[in-house]
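Enquirer: Sequences and hints are given; from them, build the entire structure.
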Amino acid sequence: MTQTHISESQIPNPNELEKAEEEEYDYFDYFYDEPGSEPGTLNIEPDAQPSRIVLIDYDADHAVRKVDVIPKALTPYLGTNTISWMDVQGLGSETILKQVGEIFKLHPLLLEDIVNVPQRPKVEDYNEQLMMIVQMVRSTENDEGFESEQVSFVLGRKYLLTFQEEEIEDCFDIVRERIKGNQGKVRQGGPDYLMYLLLDSIIDGYFPVLEAYGDRIEDLEDELVIKPKTSNLEEIYTVRRELLALRRAIWPLRNVTNILVRGESDLISADVQIYFRDCYDHVIQLLDIVETYRELASSLMDVYLSSMSNKMNEVMQVLTVMSTIFIPLTFLAGLYGMNFKYMPELEGKWSYFVLLGVMLLIAGGLSYFFWRRGWFEPFYSLKKD
Amino acid sequence: MTQTHISESQIPNPNELEKAEEEEYDYFDYFYDEPGSEPGTLNIEPDAQPSRIVLIDYDADHAVRKVDVIPKALTPYLGTNTISWMDVQGLGSETILKQVGEIFKLHPLLLEDIVNVPQRPKVEDYNEQLMMIVQMVRSTENDEGFESEQVSFVLGRKYLLTFQEEEIEDCFDIVRERIKGNQGKVRQGGPDYLMYLLLDSIIDGYFPVLEAYGDRIEDLEDELVIKPKTSNLEEIYTVRRELLALRRAIWPLRNVTNILVRGESDLISADVQIYFRDCYDHVIQLLDIVETYRELASSLMDVYLSSMSNKMNEVMQVLTVMSTIFIPLTFLAGLYGMNFKYMPELEGKWSYFVLLGVMLLIAGGLSYFFWRRGWFEPFYSLKKD
Amino acid sequence: MTQTHISESQIPNPNELEKAEEEEYDYFDYFYDEPGSEPGTLNIEPDAQPSRIVLIDYDADHAVRKVDVIPKALTPYLGTNTISWMDVQGLGSETILKQVGEIFKLHPLLLEDIVNVPQRPKVEDYNEQLMMIVQMVRSTENDEGFESEQVSFVLGRKYLLTFQEEEIEDCFDIVRERIKGNQGKVRQGGPDYLMYLLLDSIIDGYFPVLEAYGDRIEDLEDELVIKPKTSNLEEIYTVRRELLALRRAIWPLRNVTNILVRGESDLISADVQIYFRDCYDHVIQLLDIVETYRELASSLMDVYLSSMSNKMNEVMQVLTVMSTIFIPLTFLAGLYGMNFKYMPELEGKWSYFVLLGVMLLIAGGLSYFFWRRGWFEPFYSLKKD
Amino acid sequence: MTQTHISESQIPNPNELEKAEEEEYDYFDYFYDEPGSEPGTLNIEPDAQPSRIVLIDYDADHAVRKVDVIPKALTPYLGTNTISWMDVQGLGSETILKQVGEIFKLHPLLLEDIVNVPQRPKVEDYNEQLMMIVQMVRSTENDEGFESEQVSFVLGRKYLLTFQEEEIEDCFDIVRERIKGNQGKVRQGGPDYLMYLLLDSIIDGYFPVLEAYGDRIEDLEDELVIKPKTSNLEEIYTVRRELLALRRAIWPLRNVTNILVRGESDLISADVQIYFRDCYDHVIQLLDIVETYRELASSLMDVYLSSMSNKMNEVMQVLTVMSTIFIPLTFLAGLYGMNFKYMPELEGKWSYFVLLGVMLLIAGGLSYFFWRRGWFEPFYSLKKD
Amino acid sequence: MTQTHISESQIPNPNELEKAEEEEYDYFDYFYDEPGSEPGTLNIEPDAQPSRIVLIDYDADHAVRKVDVIPKALTPYLGTNTISWMDVQGLGSETILKQVGEIFKLHPLLLEDIVNVPQRPKVEDYNEQLMMIVQMVRSTENDEGFESEQVSFVLGRKYLLTFQEEEIEDCFDIVRERIKGNQGKVRQGGPDYLMYLLLDSIIDGYFPVLEAYGDRIEDLEDELVIKPKTSNLEEIYTVRRELLALRRAIWPLRNVTNILVRGESDLISADVQIYFRDCYDHVIQLLDIVETYRELASSLMDVYLSSMSNKMNEVMQVLTVMSTIFIPLTFLAGLYGMNFKYMPELEGKWSYFVLLGVMLLIAGGLSYFFWRRGWFEPFYSLKKD
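Chains as they are written, first to last, in the working numbering: chain A, 622 to 1006; chain G, 622 to 1006; chain D, 622 to 1006; chain Y, 622 to 1006; chain U, 622 to 1006.
Simulated from the structure, these hints should not be mistaken for laboratory data. One or more hints might be untrue.
One copy or two, either will do: identical chains are not told apart, so a pair holds if it fits within one copy or between any two.
[Said to hold, decoys possible] Distance condition first, Cα-Cα at most 30 Å in a straight line; then the derived DSS-like pairs of lysine-lysine: (1) Lys779 - Lys801; (2) Lys719 - Lys743; (3) Lys693 - Lys801; (4) Lys848 - Lys962.
Expert: Next comes the structure, spelled out in structure tokens:
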């Protein structure tokens, strides 16, 4: 697991917060070598899980599953006619990874890409092997942000080698169950069909993650129009940033699936090619969705600005109405509070009442003026909230 | 029918509103499989209509229409030389759909795309069959938003198989009438010409929907310049979102019609290709329109912001003019309201009147200043409203 | 003529205004068939002009012009070796149009595109005929907005058939004069050269229309910086909308001329191809201009917003300066207007004058503060206006 | 010379200003024919300079320069083996231009493009001649805006024909000097190498013009952040407009040089092609720069708006702080200025001083509140300016 | 080193500041020749470092390093079978550079591009030599901005010639160490593998520079939402400008590496091509990152504007709440401060207290009104800061 996104509402202590913030920007921030370092260097991350190998060997008639296999024990399976799926879980044990690399004759650069996560999704054809790297995503538990994990495939003639960052319960389990229970066509297919099944489940995993963003955008829009808050601003920004990250993971998938559809490698049979066409369609749909959400998220900022402008207008109207009505009245009161010796009005018996009448007239006139302009609306609209 | 858009003005009760809001964002939110699910799984939506099959069998001389045909009864029509149009209405009956799939030997992935709506419009060539998926749209009754329905075509040598989400009165009825009444060239053409007629009526159905958005944008612009309201903000956003959804449905249509024009499949005769060229032209025109409206809708947000800014300017001018004129007068009144023992001015016989004169001069001078700047305009403009 | 744009300044009565507004959005709003209608249906608009045919028959040696020719009378000219230009003016007479269609063996879809205006500009090759549809534009008399008219060409081996919406005096007259007077090379050229001459004059007609928008943008910018008004907002929006419409007419012209330059049809001779290259260059120049104006018009909105913001700043500065200077003075005056029995300052002989001095000091200090900040500018700048 | 841009600061008299404004928008506003005019018409502008021809004839051993050559005198040089550079300066003499056209057998459309300036840069291949049109730019003397001049090249087997709008001292002089002094490789090269030299110097001439815009943008940004003014708004708009014009001149240059690099014409030798590759690189660099500046200029508008918003915030803070502190104090003063008969506080010996204390407390409390919020900043920041 | 970016916080004296500002805009401002200057002219910058040559000659068995070699001493190494890496450090000595040019038979334009820095990254194939120009970047010490240096490669059959602007400790040292210590595969590889190693370390050097911008954007966003300042505005602008500069350097790298991957030159062996594929992947990742950061930086401006708008709203709310509550009270106080002879209320024993009660009611009512609207929030939120 490369990232953990921790929402504001469930932060347990400052240290964890620190860590969370450090990681916040890490969505697919590609791994890079120290400038000048030897090509092919494996950078084992300190917090990487130790590697363990799970082997599933099957054909139409049988299926065997072995856990915690040592690399050397894989050699016999390379020559057999059965399909072997070797799943390396955890990228923390350099020795195991290097041994696997030697047994399967992996190019040093290939092994480097598998271990130094995350890499940009890609397919590379090494004649007898087809290497594919993709990013798997899943929603975090609190439904804010998402987690990602790099999954690397090495497809051989009779085997499929996969590398995962974590030993976690995921959508691969369903495929394992299907092999075990001989459900569907998986046991009839080759390693290419198995790779399709795994890739398909990874791609399908993007949909619920994206849908969660659709819901957040919808919620945000409702909030923004009714009652914009500063925290909305931050959330719009976060949604935009995370959609950018998702887009960065999905765009290269388009290329990856397209290469598989064109079927330039003979490791993929014509039958399975049609299935990869289905993957390609799904990736295009993902791109459609991510671009739509990006546009909506971007126009949310306009909505926010306009909504703030609205709110300020209301504040100003209240101030202006109150000030403008009372300003002339206060002036008149001040006028007759002056201490001049000779002010004829002060002596009149009804002067005070006449002045009160004049004040009422002025206040009424101005109120009518503002009422006609609709500037009393902010006073009424209070009750609605 | 995939969506119902309910306008604010005619909301009957909170429950329905809830439902409407839930659905609001659903415009072409593509269907996706549960990650890890078996490829080819049919997901029957709980509210899907039960399927029924309407068969129209015709050639230049005769035309027969049969309603509620059972799938098995379709088999004889596959071998005949007459054109058979099998229209499956409603996607709710898994058994019927699977039987149809078996009779017509549909690829499991093809059947999955037909049933798990909505899918992105596409054409796929299965040698003996040409599959096309498109989205049909129609305006809702209250002219706000639109409804969409997926229509899937499977074109064979002598038959056309169509799948619709609903059994509803639509533009296909006109084609049915034309077959019945032997109007136009439909009875002389093959299933490819029939597919053209149906596709053409689907594409033509987009025009009035788009035109309604043109009208809404025009109305909005008029309102915004004269009297911007908060609800406009929401409507602009809604128009933008719905235009995005329409664009998402029309863009792939371009590709779909282009493939048909190039006529790579021999199921489409050269004569009919020219007709598909017409479809292609119409799709390009739709794209022209949708892009234009999107640009206009996007510039409406600018107009809104500018209009709000205008309004605030007016409010501020009123406040500033009133405050600034009375502030020095009120000060002067306060000054001569002080109770100092020795204030020579207070004793003068004409002091009071002199002061009144001075106040008049100040008020006049400031008024002239503001009049020259045009800041009295908001006071006049009231009358216009 | 498809549109009439009526400027605000010369609106004669409300009814006409209504009509103008109805039409305002019609710039190239493509014609569309009723969904489900028979392909090839001619939709004669109720206000379309009755059709009349003008025939000009010429070769290097002679030139004949016949007005109000009936369709049948055209047949003899199809077989001759002279160049025949048949100009159908007005699209209101279905019988005439259908007869012309039969005589020239026009494809029903072709005739539909000619009659159901407006269509998107395009070229289509029907082997023995080359069909081209373009939009001709001209400025309205009041120089606001523009009018458009669809011109359709059908180029044959020895004839050119043109369709215009109106019988109006236009740039084609100059070409007619040139044929009559045997000026230039027109009588030496074939119908392809004639088509070039007409297309060239249509394309050249876009330049003055676009130039008028350049002038309006320039005027708007001058106004906006000096004295922004609400009506400017509306005008910017209108200019943007109309430029969008023009762009929609010019973009497909690029494709149209490019097809003619590539000369895939043998109806266009190599000599004339070079001339079409000139047309292509002009269309590219038009696109250059329209895109530049669109960018300028779009940045005008920014200028407007900034200008409004400027204006509000000035208003606020006036309010703030006046309020802030008098607020402490008014407080002091109020303080010594209190009626406490024991207020030692009130008794002093010079107290009043000391206070006045203090007030002067405060007012002076604050004024200096504001002067240093430049907030007095809005007071000076009045005189400039 | 097509344009003169006159800065605001050095306007001598209203008439010139008028002229300057008229021309302001003319940057590369392409020349267009009167709609319907005869193709090949030469439009001599009334203020065009009379044409004169300067001939330079050279080979490795000798170099001759003749001024004010009459067109007929050019004929003998067409047949020789020496390189002849005919430079036509000024496009005002129709006779001379037509004679040149006849001698060199220029296509009428080619001559039209040369004379009717400005045209979009382009290369056209007429088999025995290669025609190239480009725009030369130079900064105006006051470093605001730029001037442009069209330079047309006709490259033949043994000659180079150039057309310039003006007889002015320009970068071509350096090339002339080099031919005269036999510096560099110019005398060893053919007319293609000469064309490269001239094109290279034209392209290099864009760099200082663009750099001046870089400086203006930098200056503007500094001003905007410190002290935004209304005139900045106008200048940003002008810079954006002029960069748009430059981009319009440079984009087609990319195509022009690319065609020369691909060397499809045999008039350009392989050796010289490598040199044109250098031109192409420079054009790409120009595009890089112009796009960068356009982005920067566009983000300047955001900076302006934000800066205005900043300024308004400061104004509002000053008003709010002053008003809010004094409003309760003034109320209290007013309260004890009332003339009720029974107001117990008025009688107390220390009442006045107690009230003063209360007022101090209130003022202090509010001041602390505002100080904590940082709203006193605008008061301090004055001193910095 | 081409640029030095000096942060505001550590400016030592005005002169240096001047210099820094002069250079500020220089990021990759391409070098250009004086218009009209002779092609192939070497422009030695006055502050360029004197050139010195470091030679490393090696094969699998031995490795020799010579410092300050004179150009002529390089000749013998051209004929040997060992790999020779000639590293020219500093571009200040014209004689040395020209001698190197002669010995290696460099094309004058090639030498010009190497010396006249900076140039746009590119690859050019001169048959027996492959020339590549790239820009190396490193963060400045204060982590604001970055420095760049042009590195030029000339790859021959058995040698690699490199040109650097400076003799500085950089990532090349690690490669030198590896040759010296015979680590990795470098001594087994040819000059093409050496070029890959150097290019790889240059590309990897972009990652930490970009990452620093990611951090700055993150910091900016945090600041903007909490407490926007004017200096943020400037910093956003700077970040955008510098990201534009980086993008300008990385985009052509994509083309450069792509050409190397396609391996059109036979100077690059098939084995090493796979390694260049790795470089290409890294460049694509860089582009991904730079585009993401550019989008984020651009949306920061929106955040800034919105945040300013927020702040102003708060200021206005404070002013409005305070003014509106006290305005009617002050009016009432003024009313009973009038000096009319006949004001019945003044005589009442409890009048004063009744009035105080009324005032309390008014203040309470208005406060409740504002509290309901949430306009008291800015008063609370102070404490949070």
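Enquirer: Can you tell me if Lys848 and Lys962 fall within 30 Å by alpha carbon in one copy, between copies, both or neither?
Expert: neither (56 Å within a copy, 49 Å between copies)
Enquirer: Go through the copies and call it for Lys693 and Lys801: within, between, both or neither, with a Cα cutoff of 30 Å.
Expert: Result: close within a single copy only, 24 Å intra versus 36 Å inter.
Enquirer: At 30 Å max between alpha carbons, let me know whether Lys719 reaches Lys743 within a copy, between copies, both or neither.
Expert: within (22 Å within a copy, 37 Å between copies)
Enquirer: Measure nothing new, just compare the shortest in-copy and cross-copy C-alpha distances for Lys779 and Lys801 to 30 Å and report within, between, both or neither.
Expert: Intra 18 Å, inter 44 Å, cutoff 30 Å: intra-copy only.
Hint 4 from the earlier list is the only one contradicted by this structure; the remaining hints agree with it.
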